[in-house]
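Enquirer: Build out the structure end to end from the sequences listed, making use of the hints.
There are 4 protein chains.
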Amino acid sequence: MSSLKGIFAPIPTPFVDEEIAYDKLEENLGKWGETGLSGIVVLGSNGEQPFLDEEEKIELWAFARKHFPEDKLVIAGTGCESTRATIRLTKKAADVGVDAALVITPHYFKANMKDPALEQYYRDVADNSPIPVLLYNMPGNTGLNMTPPLVKRLSSHPKIKGIKDSSGNIVQISEIIRDVPPDFSVFAGSASFLLPALVMGAKGGTLAAANVAPDLCVKIYDLVNEGKIEEARVIQKDILALNALVTSKYGVAGLKAALDMVGYFGGLPRRPILPIGEQEKAEIRSALEKLGVKTVA
Amino acid sequence: MSSLKGIFAPIPTPFVDEEIAYDKLEENLGKWGETGLSGIVVLGSNGEQPFLDEEEKIELWAFARKHFPEDKLVIAGTGCESTRATIRLTKKAADVGVDAALVITPHYFKANMKDPALEQYYRDVADNSPIPVLLYNMPGNTGLNMTPPLVKRLSSHPKIKGIKDSSGNIVQISEIIRDVPPDFSVFAGSASFLLPALVMGAKGGTLAAANVAPDLCVKIYDLVNEGKIEEARVIQKDILALNALVTSKYGVAGLKAALDMVGYFGGLPRRPILPIGEQEKAEIRSALEKLGVKTVA
Amino acid sequence: MSSLKGIFAPIPTPFVDEEIAYDKLEENLGKWGETGLSGIVVLGSNGEQPFLDEEEKIELWAFARKHFPEDKLVIAGTGCESTRATIRLTKKAADVGVDAALVITPHYFKANMKDPALEQYYRDVADNSPIPVLLYNMPGNTGLNMTPPLVKRLSSHPKIKGIKDSSGNIVQISEIIRDVPPDFSVFAGSASFLLPALVMGAKGGTLAAANVAPDLCVKIYDLVNEGKIEEARVIQKDILALNALVTSKYGVAGLKAALDMVGYFGGLPRRPILPIGEQEKAEIRSALEKLGVKTVA
Amino acid sequence: MSSLKGIFAPIPTPFVDEEIAYDKLEENLGKWGETGLSGIVVLGSNGEQPFLDEEEKIELWAFARKHFPEDKLVIAGTGCESTRATIRLTKKAADVGVDAALVITPHYFKANMKDPALEQYYRDVADNSPIPVLLYNMPGNTGLNMTPPLVKRLSSHPKIKGIKDSSGNIVQISEIIRDVPPDFSVFAGSASFLLPALVMGAKGGTLAAANVAPDLCVKIYDLVNEGKIEEARVIQKDILALNALVTSKYGVAGLKAALDMVGYFGGLPRRPILPIGEQEKAEIRSALEKLGVKTVA
Chain F
1 MSSLKGIFAP IPTPFVDEEI AYDKLEENLG KWGETGLSGI VVLGSNGEQP FLDEEEKIEL
61 WAFARKHFPE DKLVIAGTGC ESTRATIRLT KKAADVGVDA ALVITPHYFK ANMKDPALEQ
121 YYRDVADNSP IPVLLYNMPG NTGLNMTPPL VKRLSSHPKI KGIKDSSGNI VQISEIIRDV
181 PPDFSVFAGS ASFLLPALVM GAKGGTLAAA NVAPDLCVKI YDLVNEGKIE EARVIQKDIL
241 ALNALVTSKY GVAGLKAALD MVGYFGGLPR RPILPIGEQE KAEIRSALEK LGVKTVA
Chain G
1 MSSLKGIFAP IPTPFVDEEI AYDKLEENLG KWGETGLSGI VVLGSNGEQP FLDEEEKIEL
61 WAFARKHFPE DKLVIAGTGC ESTRATIRLT KKAADVGVDA ALVITPHYFK ANMKDPALEQ
121 YYRDVADNSP IPVLLYNMPG NTGLNMTPPL VKRLSSHPKI KGIKDSSGNI VQISEIIRDV
181 PPDFSVFAGS ASFLLPALVM GAKGGTLAAA NVAPDLCVKI YDLVNEGKIE EARVIQKDIL
241 ALNALVTSKY GVAGLKAALD MVGYFGGLPR RPILPIGEQE KAEIRSALEK LGVKTVA
Chain H
1 MSSLKGIFAP IPTPFVDEEI AYDKLEENLG KWGETGLSGI VVLGSNGEQP FLDEEEKIEL
61 WAFARKHFPE DKLVIAGTGC ESTRATIRLT KKAADVGVDA ALVITPHYFK ANMKDPALEQ
121 YYRDVADNSP IPVLLYNMPG NTGLNMTPPL VKRLSSHPKI KGIKDSSGNI VQISEIIRDV
181 PPDFSVFAGS ASFLLPALVM GAKGGTLAAA NVAPDLCVKI YDLVNEGKIE EARVIQKDIL
241 ALNALVTSKY GVAGLKAALD MVGYFGGLPR RPILPIGEQE KAEIRSALEK LGVKTVA
Chain W
1 MSSLKGIFAP IPTPFVDEEI AYDKLEENLG KWGETGLSGI VVLGSNGEQP FLDEEEKIEL
61 WAFARKHFPE DKLVIAGTGC ESTRATIRLT KKAADVGVDA ALVITPHYFK ANMKDPALEQ
121 YYRDVADNSP IPVLLYNMPG NTGLNMTPPL VKRLSSHPKI KGIKDSSGNI VQISEIIRDV
181 PPDFSVFAGS ASFLLPALVM GAKGGTLAAA NVAPDLCVKI YDLVNEGKIE EARVIQKDIL
241 ALNALVTSKY GVAGLKAALD MVGYFGGLPR RPILPIGEQE KAEIRSALEK LGVKTVA
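Protein chains in written order, with the UniProt record's numbering: chain F, 1 to 297; chain G, 1 to 297; chain H, 1 to 297; chain W, 1 to 297.
Please note that a few of the clues may not be correct.
Since the list gives no way to pick out one identical chain from another, each pair is judged satisfied if it fits inside one copy or across any two copies.
[Claimed, not checked] Here are the computed lysine-lysine pairs in the DSS-like style, where the Cα-Cα straight-line distance is at most 30 Å:
hint, residue 1, residue 2
1, Lys110, Lys92
2, Lys219, Lys237
3, Lys152, Lys290
4, Lys294, Lys159
Please keep in mind that the hints were generated in silico from the structure rather than gathered at the bench.
Expert: And the structure:
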């Protein structure tokens with residue numbers, strides 16, 4: 001496996017009339033494959049993972065792995081609420097060739113998801129996984145946070161290789177980096193704090209904005225590695241506005257609209273997510289233009 | 001259909017070695033059928049709904065409807081994250097004979113689940129549902145709250161017949177009751193605020209504690225209808241401690257342990273929920289005894 | 001001292017050009033004195049307590065006690081952040097004749113205001129207070145909540161006679177009532193949950209809305225005592241809209257505007273609180289009219 | 001005035017038997033004066049500002065300015081809840097020679113402290129201030145956050161020269177830096193995110209930890225200016241543990257205990273803040289030793 005570092009795009013699932021549009025996906029994969037991305041996540045939050053049936057998920061992972069460059073990673077979002085379902089899907093994802101599994105915290109039963117339950121959950125999943133496991137901390141969607149002591153304990157498991165932390169809490173990210181082994185990969189979960197996370201020692205990012213502006217995100221990563229912090233800062237500040245529109249503000253509906261503007265297929269999310277309106281689209285178009293990303297539609 | 005009022009138990013799903021134990025369920029259903037309960041909810045939160053596959057859910061609804069007294073209601077928890085899955089499951093639940101569907105708010109994509117999206121979601125589900133639909137507001141688990149104006153708008157839909165509000169926010173519950181038609185059924189979602197909700201005009205409750213102490217919950221309901229508020233208050237205060245243990249404090253793991261103590265089959269939840277320990281069980285036993293509920297194990 | 005029960009108005013402090021307008025206050029006190037109120041709170045939150053200097057506070061308490069009917073209580077909001085300041089003000093309030101002190105939780109140093117610190121604080125204040133002390137839990141403003149176990153421990157102190165709980169959490173209020181001695185007075189802190197709190201055993205309420213519609217609030221209280229719950233419920237539902245406008249929605253600026261409309265002097269709050277606009281005033285006027293409260297301006 | 005950049009210590013107020021101990025303060029000021037600190041804040045949160053009377057505050061500012069090196073800045077925390085009190089104190093602080101005023105958001109009346117009210121407040125204060133004004137955003141204590149658009153609007157006021165942002169939200173800090181004029185000074189409000197903030201363009205920090213380990217904090221600042229990011233990262237990670245103990249975990253009680261250990265006078269906070277225990281002190285001592293800060297007591 002290529003090493004777990006660099007910039008990853010958690011790609012959206014393209015739908016036409018609510019059905020997966022594999023032809024559109026193939027085109028998108030071709031384009032992302034030509035960028036500097038280190039890989040993609042298939043069925044992270046932006047993939048609308050909670051809206052897909054199990055069969056759809058497996059077919060999607062297989063298709064993506066088949067149609068994406070071999071030297072780039074394909075990571076599958078395999079987390080479910082129950083331990084048994086997550087193990088089952090992780091095995092099936094491995095069967096179809098994906099390189100690693102990104103496993104979100106179970107979160108519906110918040111009263112029961114204390115650290116000991118989460119620790120046991122991830123150990124059970126990792127013990128049964130044929131492929132490397134990445135933790136996925138996404139409090140904005142789950143209402144649950146993985147604490148640094150929990151991540152520290154899990155980081156010693158031989159199959160658990162990293163974490164995507166979307167909390168945006170730079171102190172927590174710093175504490176995690178301080179506590180884990182050097183080869184454990186901490187990824188920024190949003191472009192809005194990519195540079196600060198990299199400066200603290202993150203190994204990369206898996207970023208919604210990397211779908212729309214992959215090479216700008218890769219540029220921040222490269223500049224940090226070259227020690228060119230001030231140049232990186234300029235891009236980092238510039239990308240904040242676009243990033244907010246395709247994450248916290250309009251979510252995957254905004255992300256898909258932005259993809260349509262830059263020459264990828266975006267389309268509409270499955271319901272109940274509503275399409276965004278013309279005013280919201282104009283906001284996104286304006287942010288893309290200010291960022292110097294070429295719009296085609 | 002019997003009218004939507006009275007006390008309902010959102011029953012847990014019994015497992016042996018993580019598989020549904022239908023023999024145990026049949027025994028439990030027999031016992032609940034002999035109480036004053038108006039009905040049960042199958043695959044509400046306490047049914048561990050997010051842990052069951054679609055086929056399991058349908059089989060479970062069919063079984064419960066078949067083995068529960070005909071003059072009592074069986075309500076199915078059919079809510080999923082996507083509109084299409086919720087509609088599909090609601091239709092299948094109707095096919096196997098359940099009386100109504102309890103539909104939780106989709107909640108993973110919080111940035112997109114504003115009131116207009118939730119309103120469209122519930123209208124789409126209700127338009128396609130063969131059976132009455134109940135809204136289910138459960139912010140403690142979902143991190144999302146249904147506002148009174150949203151509930152008001154939805155309450156005029158001919159298929160939407162009520163709401164289970166588990167927020168515990170008595171002001172919100174009062175505002176909802178003020179705003180909906182008189183035959184729209186507002187249910188308290190927890191025994192901890194049953195009496196206050198009934199006094200404000202709620203039609204009943206669907207209560208975790210009603211699994212363990214059904215007739216005490218029914219007694220509060222009956223006393224309010226008889227105008228005996230002070231007697232109701234005594235029971236209401238007494239039930240608070242037990243209720244906390246089987247809901248906010250230990251969740252479904254606590255509820256199942258309590259069932260084992262009072263002569264029902266409780267067993268263990270599916271993983272990742274961990275069993276509670278001996279000290280937690282002693283707390284529950286003590287609360288049961290203080291409440292005068294007979295323990296057998 | 002009259003017993004601690006019934007409906008209290010936490011009166012606003014009238015200002016003209018930001019200075020205390022004692023003539024206006026005297027007029028207001030005369031009107032409230034003729035209502036069914038059991039008393040007033042001078043320098044609760046609605047009194048803009050954090051905006052007044054120590055000398056202003058003492059003068060205000062003295063004036064209010066002097067100009068309010070002797071058979072009704074005057075309670076002084078004496079809580080400050082430091083123990084020494086609270087004790088000093090409580091003694092001075094007692095010196096000028098007020099009947100009891102309402103003491104809000106210190107809250108700025110949230111990391112340090114755990115239960116042991118709060119318990120010691122209230123014990124120190126009560127040990128040094130010449131007059132009865134009421135706890136004041138106001139999480140909406142302070143960001144801090146008093147837990148039922150803390151209130152239980154404090155309720156055994158001979159000088160601590162009650163609590164105003166403005167949390168709106170009816171389960172917490174029920175737990176407190178369950179845990180305290182029978183003569184400990186629990187007051188609803190807002191009219192929006194007055195009836196539910198009374199039904200659970202609260203001794204009354206200290207309510208912003210009681211400034212504007214004192215006799216409607218008293219009516220709810222009287223109806224509950226007469227066992228006329230359904231009649232009380234009608235008023236309770238009707239008062240929700242007005243209550244929201246003069247508390248959570250527009251705060252003391254809304255409350256003062258409402259007072260101006262019903263024949264009291266309201267005026268403007270001190271800065272930085274801004275006056276409300278015409279649209280907000282129209283909302284309040286409409287709510288007053290729907291409630292049947294006579295408007296004169 | 002020296003320019004607003006570098007590392008500042010928000011110094012604690014020393015008390016003996018709850019009275020200000022000026023002799024201890026003078027000793028402390030002498031020691032801080034010999035470090036690389038650019039200045040101090042007198043009566044920020046760590047100065048226990050809400051516990052001091054107005055006369056104490058003014059005397060303290062005068063004393064600090066007199067006993068601290070002239071080439072270093074003394075900033076006074078002058079914010080109160082009312083506009084008039086803040087203006088009065090800011091003028092008095094200017095009269096006794098302090099260099100700038102740090103003005104926390106008024107926050108008690110949260111329903112009324114929307115952006116327009118906060119904007120008007122800061123304009124009123126700045127219009128009336130003889131000295132430069134710094135905004136102070138401290139949501140952990142106030143429960144209120146200053147948004148980037150608000151800060152942007154205020155940053156054009158000629159008297160408003162910077163902001164201390166203690167939110168720890170690195171995205172927000174990045175957005176503020178993006179939006180304000182280049183000479184507007186954004187300060188990290190805690191050492192836990194000093195390096196990330198500096199990398200994004202912050203001009204410095206005002207840091208509780210800078211009381212205890214001033215030269216380590218200054219070292220991070222200097223290394224960033226020299227482009228030595230990796231060396232800065234090592235210190236940044238090392239300082240996290242100590243920082244948590246003297247801020248979020250034990251607050252000013254922890255900070256004062258730490259000062260006692262490193263040769264300054266710390267003493268006890270005023271009540272109701274309780275002293276920390278021996279176990280907490282051992283934690284702090286251990287963190288100091290791991291950080292290589294010499295302990296003397």
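Enquirer: A separate judgement is required for each hint: does it hold in the structure or not?
Expert: Taking the hints in turn, this is what the structure says about them:
no.: 1; hint: Lys110 to Lys92; in the structure: both (27 Å within a copy, 29 Å between copies)
no.: 2; hint: Lys219 to Lys237; in the structure: both (13 Å within a copy, 25 Å between copies)
no.: 3; hint: Lys152 to Lys290; in the structure: between (40 Å within a copy, 19 Å between copies)
no.: 4; hint: Lys294 to Lys159; in the structure: neither (41 Å within a copy, 41 Å between copies)
Hint violations for this structure: number 4 only, all remaining hints satisfied.
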